[in-house]
Amino acid sequence: MTEESPIEITPRTLMPLCSVFRRFLRNHGLKYTVERADVLQAIIDHDGPFEAEELLLDMRNRGHRVSKATIYRTLRLLQEAGIITQALFDSKQAHFQLIYGKQPRDVMVCMRTGRTIDFQSPELVALRDRICLELGWSPVGHRLQVFAMSPEEDGVAGEEPEIDAASTSEDTEG
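By my numbering, the letter at position 35 of the sequence shown is numbered 430, and the numbering carries on one by one without gaps.
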């Protein structure tokens, strides 16, 4: 049995997202408004992680009249619907990304610079699937963020970083 290649995700492929979001809103007694549809479309059109403020500016530059409150409320609803996820790349700003219908996006984040790199791990997906199977769950996706120090930021890869003894805390004594 051969493994199928992943489906290329395009805006046309993602059109069922409108149906998923409509159903979610209807089940929660909410309406699928033009503003919510515009926010969803802007996210579909966006490639990769984005910040709420970035989405707001992008939509306003395209001529949409949308408020900051509408953006944040819609992002929260899209998270609850399982269409987007929040990714914290640093402690200052939350990023969001489209996840529905996409392959898992695993990220390494440098703690010093905030630089991120994407990686894929078939072993991680296999582990996720095995754990879900053992617990009787059906996996639909995952998110992994590894916080680390990149070798470029620490000097030569494999070397221990130098620690300034004067800057260490003295409260480590007994």
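It should be emphasised that the hints constitute simulated quantities derived from the structure, not laboratory data.
Watch out, some of these pointers could steer you wrong.
Restraint-style ranges between C-beta atoms, simulated for each label pair [stated by the list, open to error]: (1) Gly424 - Arg460: 19 to 29 Å; (2) Glu475 - Asp440: 13 to 23 Å; (3) Glu446 - Cys413: 37 to 47 Å; (4) Ser545 - Glu448: 44 to 54 Å; (5) Gly443 - Pro517: 28 to 38 Å; (6) Ala464 - Pro517: 19 to 29 Å.
Result set (EDC-like, lysine to aspartate or glutamate): computed pairs, CA atoms no more than 16 Å apart in a straight line [what the hints assert, rightly or not]: (7) Lys463 - Glu430; (8) Lys426 - Asp440; (9) Lys426 - Glu449; (10) Lys463 - Asp442; (11) Lys463 - Asp433; (12) Lys426 - Asp442.
Just so it is clear, the structure is predicted and the values come from calculations on it, not from any experiment.
All C-beta atoms, glycine included, are put in the ideal place defined by N, C-alpha and C.
Quick rundown of the hints versus the structure:
{"no.": "1", "hint": "Gly424 - Arg460: 19 to 29 Å", "verdict": "holds (25 Å)"}
{"no.": "2", "hint": "Glu475 - Asp440: 13 to 23 Å", "verdict": "holds (22 Å)"}
{"no.": "3", "hint": "Glu446 - Cys413: 37 to 47 Å", "verdict": "violated (23 Å)"}
{"no.": "4", "hint": "Ser545 - Glu448: 44 to 54 Å", "verdict": "violated (26 Å)"}
{"no.": "5", "hint": "Gly443 - Pro517: 28 to 38 Å", "verdict": "violated (22 Å)"}
{"no.": "6", "hint": "Ala464 - Pro517: 19 to 29 Å", "verdict": "violated (42 Å)"}
{"no.": "7", "hint": "Lys463 - Glu430", "verdict": "holds (11 Å)"}
{"no.": "8", "hint": "Lys426 - Asp440", "verdict": "violated (22 Å)"}
{"no.": "9", "hint": "Lys426 - Glu449", "verdict": "violated (25 Å)"}
{"no.": "10", "hint": "Lys463 - Asp442", "verdict": "violated (21 Å)"}
{"no.": "11", "hint": "Lys463 - Asp433", "verdict": "holds (13 Å)"}
{"no.": "12", "hint": "Lys426 - Asp442", "verdict": "violated (27 Å)"}
Violated hints, in rising order: 3, 4, 5, 6, 8, 9, 10, 12; the structure is consistent with all others.
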